[in-house]
Amino acid sequence: MSNNHSNNIIEVKNVSIGYSNKKDTFIVSENINFSINKGELISIVGTNGIGKSTLLKTLARIQPQKNGIILLNNKKFNEYSTLDIATQLSIVLTESPSSKNITVKELVSLGRHPYTNWIGMLTEVDEKIIEESLIDTDTVNLVNKKCSELSDGQLQRVMIARALVQDTPIILLDEPTTHLDIYHRAYILKLLKDLANKKKKTIIFSTHEIDLAIQVSHKMIVMTTDEIYFDKPEMLIKLGCFENLFPSETIEFDNELKQFILKK
Amino acid sequence: MKNQKTYRFYFLVLTLILIITFIISISLGTVSIPLREVIISLFDGEPLKSSWKYIILDYRLPKAITAILAGGGLAVSGLLMQTLFRNPLAGPFVLGLSSGASLGVALLILGTGIFGISFGGFLLGSWSLVIASAFGSFLVLLAVLSVTFKVKDTMTILIIGLMFGSVTAAVVSVLSYFSNAEQLQQFVFWSFGTLGNVSWNGILILFFCITIGLWISFLTTKSLNALLLGENYAKSMGVNLKLATFWIIVATSLLAGSITAFAGPIAFVGLAVPHLTRQYFNSSNHMVLLPAVFLSGAVLMLICDTVAQLPFIELTLPINAITSLLGAPVVIWLLVRKRKLFF
Chain A
1 MSNNHSNNII
11 EVKNVSIGYS
21 NKKDTFIVSE
31 NINFSINKGE
41 LISIVGTNGI
51 GKSTLLKTLA
61 RIQPQKNGII
71 LLNNKKFNEY
81 STLDIATQLS
91 IVLTESPSSK
101 NITVKELVSL
111 GRHPYTNWIG
121 MLTEVDEKII
131 EESLIDTDTV
141 NLVNKKCSEL
151 SDGQLQRVMI
161 ARALVQDTPI
171 ILLDEPTTHL
181 DIYHRAYILK
191 LLKDLANKKK
201 KTIIFSTHEI
211 DLAIQVSHKM
221 IVMTTDEIYF
231 DKPEMLIKLG
241 CFENLFPSET
251 IEFDNELKQF
261 ILKK
Chain B
265 MKNQKTYRFY
275 FLVLTLILII
285 TFIISISLGT
295 VSIPLREVII
305 SLFDGEPLKS
315 SWKYIILDYR
325 LPKAITAILA
335 GGGLAVSGLL
345 MQTLFRNPLA
355 GPFVLGLSSG
365 ASLGVALLIL
375 GTGIFGISFG
385 GFLLGSWSLV
395 IASAFGSFLV
405 LLAVLSVTFK
415 VKDTMTILII
425 GLMFGSVTAA
435 VVSVLSYFSN
445 AEQLQQFVFW
455 SFGTLGNVSW
465 NGILILFFCI
475 TIGLWISFLT
485 TKSLNALLLG
495 ENYAKSMGVN
505 LKLATFWIIV
515 ATSLLAGSIT
525 AFAGPIAFVG
535 LAVPHLTRQY
545 FNSSNHMVLL
555 PAVFLSGAVL
565 MLICDTVAQL
575 PFIELTLPIN
585 AITSLLGAPV
595 VIWLLVRKRK
605 LFF
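First to last, the sequence lines map onto chains A and B.
Per the working numbering, residue 1 is the first one in the first sequence, and the count goes up by one each step.
Per the working numbering, residue 265 is the first one in the second sequence, and the count goes up by one each step.
It should be emphasised that the hints constitute simulated quantities derived from the structure, not laboratory data.
Think of the CB as a built atom: it goes at the ideal place given N, C-alpha and C, for glycine as much as any other residue.
Just to be clear, a hint being listed does not mean it is correct.
Listed below are the simulated EDC-like cross-link pairs for lysine to aspartate or glutamate, each with C-alpha atoms no more than 20 angstroms apart in a straight line [unchecked claim]:
{"no.": "1", "chain 1": "B", "residue 1": "Lys506", "chain 2": "A", "residue 2": "Asp84"}
{"no.": "2", "chain 1": "B", "residue 1": "Lys506", "chain 2": "B", "residue 2": "Glu495"}
{"no.": "3", "chain 1": "A", "residue 1": "Lys105", "chain 2": "A", "residue 2": "Glu95"}
{"no.": "4", "chain 1": "A", "residue 1": "Lys100", "chain 2": "A", "residue 2": "Asp152"}
{"no.": "5", "chain 1": "A", "residue 1": "Lys219", "chain 2": "A", "residue 2": "Asp194"}
{"no.": "6", "chain 1": "A", "residue 1": "Lys22", "chain 2": "A", "residue 2": "Glu11"}
{"no.": "7", "chain 1": "A", "residue 1": "Lys232", "chain 2": "A", "residue 2": "Asp254"}
{"no.": "8", "chain 1": "B", "residue 1": "Lys269", "chain 2": "A", "residue 2": "Glu124"}
{"no.": "9", "chain 1": "A", "residue 1": "Lys146", "chain 2": "A", "residue 2": "Glu95"}
{"no.": "10", "chain 1": "A", "residue 1": "Lys128", "chain 2": "A", "residue 2": "Asp138"}
{"no.": "11", "chain 1": "A", "residue 1": "Lys219", "chain 2": "A", "residue 2": "Glu249"}
{"no.": "12", "chain 1": "A", "residue 1": "Lys38", "chain 2": "A", "residue 2": "Asp167"}
{"no.": "13", "chain 1": "A", "residue 1": "Lys38", "chain 2": "A", "residue 2": "Asp194"}
{"no.": "14", "chain 1": "A", "residue 1": "Lys100", "chain 2": "B", "residue 2": "Glu495"}
{"no.": "15", "chain 1": "A", "residue 1": "Lys145", "chain 2": "A", "residue 2": "Glu131"}
{"no.": "16", "chain 1": "B", "residue 1": "Lys269", "chain 2": "A", "residue 2": "Glu127"}
{"no.": "17", "chain 1": "B", "residue 1": "Lys506", "chain 2": "A", "residue 2": "Glu79"}
{"no.": "18", "chain 1": "B", "residue 1": "Lys269", "chain 2": "A", "residue 2": "Glu106"}
{"no.": "19", "chain 1": "A", "residue 1": "Lys38", "chain 2": "A", "residue 2": "Asp84"}
{"no.": "20", "chain 1": "B", "residue 1": "Lys414", "chain 2": "A", "residue 2": "Asp24"}
{"no.": "21", "chain 1": "B", "residue 1": "Lys414", "chain 2": "A", "residue 2": "Glu95"}
{"no.": "22", "chain 1": "A", "residue 1": "Lys219", "chain 2": "A", "residue 2": "Glu11"}
{"no.": "23", "chain 1": "A", "residue 1": "Lys66", "chain 2": "A", "residue 2": "Glu30"}
{"no.": "24", "chain 1": "A", "residue 1": "Lys198", "chain 2": "A", "residue 2": "Asp211"}
In silico contact screen, one side only, chain B against chain A (beta carbon under 7 angstroms); selected entries [as the list claims (entries may be wrong)]:
{"no.": "25", "residue": "Lys486"}
{"no.": "26", "residue": "Ala490"}
{"no.": "27", "residue": "Leu492"}
{"no.": "28", "residue": "Gly494"}
{"no.": "29", "residue": "Met501"}
{"no.": "30", "residue": "Gly502"}
{"no.": "31", "residue": "Arg542"}
{"no.": "32", "residue": "Asn549"}
Please take these sequences and the hints and turn them into a complete structure.
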């Protein structure tokens, strides 16, 4: 137990992640170690197929970990009930909601699910939290729209609003910036940074926007085939983690500019 | 989302329409009876002809009540399946539930002759039909659902459901081939679908099954709402997926199974009504949709039944044909208008 870190909210020790079918277990990545403090904005980067989504889904307890221990508030992950977990972490996945007919207000209100009574009645407190989240994500004017009528950027904000409504200390997001233009990518990342700084939310997200992630994240998890690095962005740059991330004949990382550039 | 007042207004209008269609349904039929006399008969008075009272109370009234229960119940089971399978095309008929129920009933009616087992008169009574048909639809639903755990693609699930339907239909035709004319006739009439053959006792059983089915559906509304976002989101919001899925299946097979047992396989109501209801209620909240879908289903079935009776002509069409004739164009119209079916 790491009682010396009182700020510590998630601790991952020697964890292997992967998926299994009837016959085999496929380990995507192993020996993962990191611990995350309250109010930190953490990004997970790495090449396609390296296991970013798997790691995120393991942290969301959608997929079970294959080995090792995950501690949430110094308590073992699997000791939490489904309902307890729902009050600790909320998720924003790449999959869009199954129902396209659902209105934004209905969708966002669903976030109160763990707290409402058996018929899902919203109390005044619930309504207030919903309204706040809509304001924070700038989605108030969308409430009467249906999901099918939203742009990708709007939908992403709505899904973040739903996660906020769930009122959990931790929010996990799987590639929240995909399909978005540069403005909306920056907008979403800035929103996440604000939530971490002002509301003290612990936010973990996976992304391909390494340049932007370096700018906003408190710490980063860099996944490579050989090793998994976890540190502050500037330390990771010093270590040269990003240089070996991709085959160097096509792009390389410029330590001065803190971004990738095409090789001529 | 509309406010409570709009919903209340809609519900009021729906209930009014239900009452009107109910009265129309019992006033029209092969024998024409003046409306005044219909109402007198209903309230236990003495109409001009005593046979009128008999027609109203022992034929038209049970038929209208069966229509309400069957239409509402099928529509609700369609709603549950569309949410559970996250597929706008799901419904008791499409996913093979009705075929499963047919198989159960076929085994009961036709199988008794083939296997030379005599269960006595009791087994062909109302209860045994319900049990056989509910069991049949329950099995098919379980089979379809066990596939959904492996296959995530909803289109594939739908095709698998259709395949299950084909297999059960094939077994039914094999059974029909080997059974005698009398049993075959009994089964064929059942498969046309009819609302008029349910006795007061039968209605009591049907009412009992539908009430339980609706009550269970009502208890699952919160999980159903969460499922609108998909399984992973539902789970992340604290829904016990296995338990919720189980109860939704129980409710669906109870509703679809008992209705199919009494009224035969009735197509399109389960598929079309939830979509129609979503059109004018403009909500995805099952707390609102569930009663709305039930009322709309009941209204639609009463209308279909009135059409099927071909008022003033001494003929009655099979209800299954009418629901398909009315339901299929509705689905096509929705598809053409919106280009895509959402749920």
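The hints, checked one at a time:
1. Lys506(B) with Asp84(A): Answer holds: Lys506(B) to Asp84(A) is near 17 angstroms, not above 20 angstroms.
2. Lys506(B) with Glu495(B): OK: Lys506(B) and Glu495(B) at ~11 angstroms, within 20 angstroms.
3. Lys105(A) with Glu95(A): 19 angstroms, holds
4. Lys100(A) with Asp152(A): 13 angstroms, holds
5. Lys219(A) with Asp194(A): Since the Cα atoms of Lys219(A) and Asp194(A) sit roughly 15 angstroms apart, the hinted pair holds (cutoff 20 angstroms).
6. Lys22(A) with Glu11(A): 30 angstroms, violated
7. Lys232(A) with Asp254(A): 17 angstroms, holds
8. Lys269(B) with Glu124(A): Given that 20 angstroms is the threshold and the Cα spacing comes to 18 angstroms, the pair holds.
9. Lys146(A) with Glu95(A): 17 angstroms, holds
10. Lys128(A) with Asp138(A): Judged against 20 angstroms, a Cα distance of about 15 angstroms means the pair holds.
11. Lys219(A) with Glu249(A): 28 angstroms, violated
12. Lys38(A) with Asp167(A): 14 angstroms, holds
13. Lys38(A) with Asp194(A): Given that 20 angstroms is the threshold and the Cα spacing comes to 14 angstroms, the pair holds.
14. Lys100(A) with Glu495(B): It holds: about 15 angstroms lies between the C-alpha atoms, which stays within 20 angstroms.
15. Lys145(A) with Glu131(A): 16 angstroms, holds
16. Lys269(B) with Glu127(A): It holds: about 18 angstroms lies between the C-alpha atoms, which stays within 20 angstroms.
17. Lys506(B) with Glu79(A): The hint holds at about 19 angstroms.
18. Lys269(B) with Glu106(A): At roughly 17 angstroms apart (the allowed maximum being 20 angstroms), Glu106(A) and Lys269(B) satisfy the hint.
19. Lys38(A) with Asp84(A): Given that 20 angstroms is the threshold and the Cα spacing comes to 18 angstroms, the pair holds.
20. Lys414(B) with Asp24(A): OK: Lys414(B) and Asp24(A) at ~16 angstroms, within 20 angstroms.
21. Lys414(B) with Glu95(A): 18 angstroms, holds
22. Lys219(A) with Glu11(A): 14 angstroms, holds
23. Lys66(A) with Glu30(A): Holds. Lys66(A) to Glu30(A) sits at ~9 angstroms (cutoff 20 angstroms).
24. Lys198(A) with Asp211(A): 23 angstroms, violated
25. Lys486: 4 angstroms, holds
26. Ala490: Given a least distance of 5 angstroms, the restraint on Ala490(B) holds.
27. Leu492: Holds, about 4 angstroms.
28. Gly494: Holds. Min distance 4 angstroms.
29. Met501: 4 angstroms, holds
30. Gly502: Nearest chain A Cβ about 3 angstroms off; hint holds.
31. Arg542: 6 angstroms, holds
32. Asn549: This hint holds: Asn549(B) lies near chain A, its Cβ roughly 6 angstroms from the closest one there, short of 7 angstroms.
Hint violations for this structure: numbers 6, 11, 24, all remaining hints satisfied.
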